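K.L.:
Please model the complete structure; the sequences and the hints are all you need to start from.
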Amino acid sequence: MKNIETFIALNRFGLGPAPREARKVEDDPKAWIKAQITPRATIPRSLIGFRNSDDIIRDIHKARKRGAIKSPDEKQDLRAAFAKELLARSKNMIVTSTPFTERMVMFWSNHFTVSTTKKLIGPVLPAFEREAIRPHIFGKFSNMLEDSTRHPAMLAYLDNHKSAGPRTPVGIEQIIRSGVRTTLNENLAREILELHTLGVNGGYDQDDVIELAKAISGWSHGSVRLPHDDRPIHGRFEFKKHMHEPGSKFVMGKRYKDKGAQTGLNILDDLAQHPSTARHIATKLVRHFVSDDPPEHLIEKIANVFMDTDGDLAKVSEAIVDLDEVWMNPLPKVKSHYELVISAYRVSGKSDVGVMNLVEPLREFGQLPFSANSPAGWPDKASHWVSPEGLMRRIEWLDKFAKKLPATLNPAYVQEELMGPVVSDDTRLWVSRAPSVSSGLSLVFASPEFQRR
Amino acid sequence: MPDRLMPDRLMQDRRLFLQGAGAGLLSSVMGGKIAFAQAPTEKRLVVLFLRGGMDGLHAVVPYADKNYHNLRGTIAVKDSLNINGYFGMHQSLRGLHGLYRQGELAIVPAAATQYRLRSHFDAQNMLENGSGTPFGASDGWLNRAIVGLNGGDRRMGLALGKQVPLILQGASGIQTWSQSGLDPVSDDFLSRLSLVYAGDETFAKALADARETAGASDMMGKSMSVNTRRKDDLIELAEAAGMLMSQPGGPRIAVMESVGWDTHYDQERRIKPKFQEVSDAVLALKKSLGAHWNQTAVLIVSEFGRTAAENGNRGTDHGTGGVAMIAGGAVKGGQILGKWPGLSRYSLFQKRDVRAENDYEGIFKSVLISHLGLTDSFVADTVLPGNKSKPMEGLIG
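Keeping their order, the protein sequence lines are chains A and B. Here the first sequence is numbered in this note's numbering, starting from 161 and rising by one per residue. Here the second sequence is numbered in this note's numbering, starting from 739 and rising by one per residue.
These are calculated hints, taken from the structure and not from any lab test. No experiment lies behind these values; they were computed from the predicted model shown. Among these hints, one or two may not hold up.
Said to hold, decoys possible - Straight-line Cα separation of at most 25 Å, BS3-like style, residue types lysine-lysine; simulated pairs:
(1) A:278 with B:1010
(2) B:1010 with A:235
(3) A:510 with A:564
(4) A:194 with A:475
(5) B:943 with A:541
(6) A:475 with A:184
(7) A:194 with A:444
(8) A:279 with B:1010
(9) A:190 with A:461
(10) A:244 with A:278
(11) A:300 with A:419
(12) B:943 with A:560
(13) B:1077 with B:1128
P.N.:
Structure follows, in C-alpha cells:
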C-alpha cells in the first residue's frame, strides 16, 4: 500500500482492503470513493431473489393465525430464510468492489434501527434494509425517512401498527371496553423525533410527540385485522381510517389539516428538512467519518450541505469525502465488531465463508446484524467496542482467524499490504520479532492498526 | 431470531471463563504476579440497572389506590403479594417480597433521577454520568466513587457482561467478566500484544484491565466450567458477581444490566419473566455472597417509570416516577421509604406519570456516604455534582 490516503479510503470509507484493491485506489482515493456514489443504488446481485416483506409478513401472520408459529418446522423455515439473507448480505460485503456503498447501507440501517429484540418481526428485517434503506442511501433523506417509517417492520418494531386515535371508532370502543385513557402508542412518534430526525435536543416536546403519534395513528399493515374483519391479510403498509385520529395536528409549531394518511407524510417531509434534522444527521456522519467527538465546525459544514440540497445524500456524502479533516488522521475510529469480522474476511479474498464462521464471532462479540438492544442502534464510539471484555474477545477471534491463514505468508509483507503507511514503530518491531509466522500474523491482525479505521 | 442460529454442537463445549483465560490456564498466566491490594472497604455495592424504563406500578402495585384500577384497566396486576395493605408486589417478584418480609429489602416508590423528559438514552445517560444533566460528564459516578475510595485501583470495580456501562467508565480501570465460547490465547501472545499496544492508550488500557481480571478470577479458586447457556444470563452473572466479590481482595462495586423493560405492548406477558429473572438473580447473588451479604447493598434502578395509564396495546409508554428497590443485609429493609403522591389526576406529573417525589440521587448519596463511607463533600462535589438532594435517611442501618 502506497500512501496514507489509500489506507483511509479503504478502511474509513471502505470495509478494509481486499486483495489488490489498493492498486485500484492509490492513484486517486477520493475518486474511487466518489465513483461509488450513484443516486440510484442498485441491489447487489447476490441479494436478488430474496422474498419481499409483503410475503414474509403475510406468512408469519398466517402461520400465527393457524397457531402454527409454534410448530418447529414453520419457525425453522423463517429462521433459515433470515439466516440465508444475513449470510448473503455479509458475503456481499466481503467481496464487494463498492464497499463505501455497503458502509453507507450499514450506517443508515443503523440510523433506522429495527431489531430482532422483537421476535415476531425478526424474519423480515433483512428485507426492511433491502427495501427501505438501500435504495435511498444516495437519494433523498426524506424518501428514506418515509419508506422506513411506513415499512411494516418499523411500524411493528415501534408499536405503531396497533396505535389508534382515542377519538376513532376503534379507540372509543377500546376505551369503553377496557377503560384505558388513551389508545395511542407514542413509541414510533417519539423515536422519529428523537432518533430519526430532529435529535433529542432538536426542540420538540411531549406535545409534539403526541401530535405526531396522532398524525400517524392508523399507519399499520395488512396483517393487523380486527376480529370481524375478514379481508385477506397481506404484509404491506395499510392505512386504517378507523384508527386514524381525526382533526388538525400541531407539530413543531405548525398546523397540519387532517388529510388522512397524507398528514403524517406532510409532517415527515417538514421534519426531514428541519435544521435540527440536518444537524443531527451531520453530527452522526461526522462522528462516523472523522472522530468520536465530532468537531462543531464540521457538523455545521455538513449540516449546511444537507439544508442547501434538501437532504440530498449523494451531495452530503460527497461533502464528507471532501472534508480536509477526514484525510488528516489515519486511525481515529475503531471498527465495530461486525466491521472487524468483515474486514478480516476481505483480506482473505474468499467468499465461501461458512455461516458458522460468520455467526460464531458475531455472537461472541454481541453484534449479530439486526439485533441492537434499542432503537438507537449500535453506538459509534471506541469505548463501546474496546471494553476489556470486548477487546479480549476480538483478540481471541483474530488470533484464531490468523492461525488459519496459510503459513507461507510473510507477516511483514501482509502488514505492509494491509496497513504499511500507518504501521507504528511498536507494531513493526514486535511483528518482526515474532517467534513464528503464525504468531506474527496474529499480531498483525490483533494490532490497533488493523482494528482501527 | 439470530440467537437461534447456532447449532447445538457449538453450545455443548461452551464454558465460562474469565477475560480470555480458561480456568486451567489462569494460574500459569497470573500466578504470583498479582498482589491483591487490601480493599479499603469491606462494604459491597451492586447496581442492577434495568434498561428500558421499568414500570414501577407493575412491580410495586398501589392496589388500594382508588384510581389504580381505573388507570391500569386491562393490565392492572391481580393478586399482588401484600406489603402494607396499600402496596403489594407482583407475584413474579416473590423472591424480593420474601426479602422485604425478612427486613432485607427497602422500597422507594415514586422515584426517579431528576431527569424529567422521556428519552431512554438521555435518561440512562443522566442516571449513569451523575452530573445532573444528560451527557454532562463523560465518565460514570460509580467510577468517580471508586477513585474516591481507593484512588482508582482497578480491582475495585466490576462490570458483569461484555461491555463496561457508562456508570462504571472513567479514570479508574474496571474489570469485566463475561461468558465466552472462544478459545483463550496464550499468555505469551498477550504479552507481545501488550508491547504492540504500547502506543495506543485505548487498546493498552483495555488489554491491561482484561488481563488483570483474568488474574482476579483465579482467586476464586473454583473452576467455573460447564455452561450450556448461550447468552450472559442475569442469574449466572449474579452468581459470578457474588463469588468474585466474596474474595478478600476482590471487587467491591459491581454493575449488572438487564434489558427488555420497554413494555409498550403486552406488558404483563413480557414483564413477568423479567421480574422472575431479577428476583432470582438477587437471591442468587445473596447465596453466592454468603456471609458478605450482610455488608452488601443492591440498588435496583431503571431510567424512568412509565405512564400511570395503560396505552392502547396493553402496555405503557415512557413516564417519570418509577420505583427503586434496595436489597441487602446492610439495608434497613422491610419498609417503604420516601413520599408517595398517589395516583389522583391532580397528583400525576403532567396528568400522566407518577410524580417523582423521591430522587434517585438522594438514594445514591445515602449509599455512598452511609454505606461506602465516602465523605459528604466528596459525594456532593465529585461523585454527584449538580444535584442538591439530601441523602435519603433511614435507608442504611
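K.L.:
Each hint should be assessed against the structure and marked as holding or not.
P.N.:
These are the hints, each one checked on the structure:
| no. | hint | result |
| --- | --- | --- |
| 1 | A:278 with B:1010 | 16 Å, holds |
| 2 | B:1010 with A:235 | 24 Å, holds |
| 3 | A:510 with A:564 | 13 Å, holds |
| 4 | A:194 with A:475 | 10 Å, holds |
| 5 | B:943 with A:541 | 16 Å, holds |
| 6 | A:475 with A:184 | 23 Å, holds |
| 7 | A:194 with A:444 | 20 Å, holds |
| 8 | A:279 with B:1010 | 17 Å, holds |
| 9 | A:190 with A:461 | 19 Å, holds |
| 10 | A:244 with A:278 | 19 Å, holds |
| 11 | A:300 with A:419 | 23 Å, holds |
| 12 | B:943 with A:560 | 22 Å, holds |
| 13 | B:1077 with B:1128 | 14 Å, holds |
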